[in-house]
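Undergrad: Protein chains in written order, with our numbering: chain A, 53 to 177; chain B, 53 to 177; chain C, 53 to 177; chain D, 53 to 177.
Derived from the structure by calculation, the hints contain no laboratory data.
In this text the structure is predicted, and so the values were computed from the model without any measurement.
A couple of the hints might just be wrong.
[Unchecked claim] Subject to a maximum C-alpha distance of 30 angstroms in a straight line, what follows is the list of computed DSSO-like cross-link-like pairs (lysine-lysine):
| hint | chain 1 | residue 1 | chain 2 | residue 2 |
| --- | --- | --- | --- | --- |
| 1 | C | K91 | A | K91 |
| 2 | C | K91 | C | K156 |
| 3 | D | K91 | B | K91 |
| 4 | C | K91 | A | K156 |
| 5 | A | K91 | A | K156 |
| 6 | D | K156 | B | K156 |
| 7 | D | K91 | B | K156 |
| 8 | B | K91 | B | K156 |
| 9 | D | K156 | D | K91 |
| 10 | C | K156 | A | K91 |
[Stated by the list, open to error] Footprint (simulated), chain D over chain B, 3 or more residues, beta carbon under 8 angstroms:
| hint | region |
| --- | --- |
| 11 | 65-71 |
| 12 | 81-90 |
Note that CB positions come from ideal geometry on N, CA and C, so glycine has one too.
There are 4 protein chains.
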Amino acid sequence: MPIQQLTLSQISQDVQQCIQNCLDCHSICLNTTAYCLQKGGHHAEPAHIKLLMDCAQSCQNSADFMLRSSDFHARFCGVCAEVCEACAQDCDRHSDDGADTPMKACADMCRRCAASCRQMSMAMA
Amino acid sequence: MPIQQLTLSQISQDVQQCIQNCLDCHSICLNTTAYCLQKGGHHAEPAHIKLLMDCAQSCQNSADFMLRSSDFHARFCGVCAEVCEACAQDCDRHSDDGADTPMKACADMCRRCAASCRQMSMAMA
Amino acid sequence: MPIQQLTLSQISQDVQQCIQNCLDCHSICLNTTAYCLQKGGHHAEPAHIKLLMDCAQSCQNSADFMLRSSDFHARFCGVCAEVCEACAQDCDRHSDDGADTPMKACADMCRRCAASCRQMSMAMA
Amino acid sequence: MPIQQLTLSQISQDVQQCIQNCLDCHSICLNTTAYCLQKGGHHAEPAHIKLLMDCAQSCQNSADFMLRSSDFHARFCGVCAEVCEACAQDCDRHSDDGADTPMKACADMCRRCAASCRQMSMAMA
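This is chain A alone, in the form it adopts within the complex (with noise of 0.2 angstroms):
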C-alpha cells in the first residue's frame, strides 16, 4: 500500500513522501539493474550498472535515516538528490529518447527522487 496509509508515527507528510520516492527509486534501479544487464552492450556499461546500484543503495540508505526519524536524515538525503541526479542524466542517456520505456521510467523516478531528497535536506538547513 502507498506509505500514507502505513501508520508510521511521527513521520510528517512531507517525510512520508519523500520516504515514499526514496523506496520506490531504490526499486527501480535495482529491478533496472537486472533489466540493463539482460539488455547488454551500451545498456550494461560498467559506470551505467555501478550508478544505478549506487543510486538503489543510496535510497534505502535514505529512506531508513527517514524512518528511523534520525537528525542525519537530511545530511544524508543531500548526497542522495546528487545521486539520484546522476543516474537519471545516464539513465536518459540509454533511453533512447524515450523509446526505452523501463529507462524513461527510471530517470523519471531518480529526477522525481532527486527533488523530495533536495527539499528534504534543504528543509533542515
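For this one, chain A is given, so just place chains B, C and D on it according to the hints.
TA: Relative to the frame of chain A, chains B, C and D by itself:
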C-alpha cells in the same frame, strides 16, 4: 506510489505484491523500533527490539532478491515468513490487546507479509 | 583489524570467524562485481553479476544477524551457504582455470564462507 | 582476514584501510546495540540506540561505495565522519569514564573510523 504503478521489468503481479508487502513491513518495523525505544518499559525489551530489527532487515533482503529476480528469492522468503510471524506475535504481545495502535498496525503488517512470503516460498518449492 | 581483535560482546570464537568470513565475502563479491563489469564479455553475463550481487547481500545479511545474536542467524546462514556455493562455482567457471587471479580469489573466498555458514546452520539444527 | 589480505581490484592502500575501519565500526556498533539493549537503563536511551543504528548503517554504506569504487564514496564518507564522531561522543558519555569496556571499545572504534572517513572525504575535495 504503489509498486504496481512503477514500471518494473519481468516481475509478475504476485511477486510485485510480495515486494510491496516486504517494503511496507521493512518501513513499519524500522519506524516501530524508534517508537518502542521512545515508549520504554516493556516496549524496549531487548528481544522485542532485536526482533523488529531482524524483521526490518529480512524484509529488505527479500524485497531486493525479488527485485533482482534472483533464483534464491523463494529460499529467503521462506525464512522471512518465519521472522515476520515471530515479529507479529511479539508485536501483538506488546499491543495492549490492540489498544496500542502503532503496535497493532505493526503486528498486522508483519502477519500480512508473513503470509505472502510463505506463499512465495511455496510457489517455488 | 581482524574481527577477533574487536571487543564484541557475547559472540563465541566460531561465530566471530563466520562473521569475518561473511564480511570478507561481502567485500570481495562487491568489488568483483565492479571488476567483472569493467572486464565485460563473459565476465559481465547477467546471471554472473546477479549472483555476485546476491552473494554480497546475503553475506552482509548473515553477518548482521550474527552480530545482533539473532535467533534466526542459523536459518539465514543455511541459505547463505547455498548462495555462496553457487557463486563460488560460477566464479570458478569465469576464472580461466585459475589464471584470472581476482576471479580465483573470489571463488576461494565464497567457498570458505559457504563452509563456515553451513557449519553455523548445522550447529543450530 | 584483514582486508589487506583480500585480493581487491583497483582499491588503494588508503581506501582499503578506510573500508576496514568502516566494516569494523559497522560490526561493533551493531553488536553494541544488542549489548546496550541488554544492559537497559541509560544504555538503552532512544537517542543512543538510534545513533548506534545510524552509525552501523552509515559505515556499511560508506564501505560499499568504496568497494564499488563509486564516484560518490567521498561525499558519503564526509557525512559518515560526522555520524561516527557523534556516536563516539555518545558512547564515551555512556562508558562510565572508560570502565565500561564494550562502550569504551565502541567509542574508540567510532573515533578511528571518523578520522579515516574525514581524511577520505578531504582527499577528494
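Undergrad: State for each hint whether it applies.
TA: The hints, checked one at a time:
1. C:K91 / A:K91: 17 angstroms, holds
2. C:K91 / C:K156: Since the Cα atoms of K91 (chain C) and K156 (chain C) sit roughly 15 angstroms apart, the hinted pair holds (cutoff 30 angstroms).
3. D:K91 / B:K91: 17 angstroms, holds
4. C:K91 / A:K156: 27 angstroms, holds
5. A:K91 / A:K156: Holds - the C-alpha atoms of K156 (chain A) and K91 (chain A) are around 15 angstroms apart, at most 30 angstroms.
6. D:K156 / B:K156: 38 angstroms, violated
7. D:K91 / B:K156: 27 angstroms, holds
8. B:K91 / B:K156: Within the cut-off at roughly 15 angstroms; holds.
9. D:K156 / D:K91: Given pair K156 (chain D), K91 (chain D) holds - Cα atoms ~15 angstroms apart, limit 30 angstroms.
10. C:K156 / A:K91: 27 angstroms, holds
11. 65-71: violated (count 0)
12. 81-90: holds (count 4)
In summary, the structure is inconsistent with hints 6 and 11 from the numbered list given earlier, while agreeing with the others.
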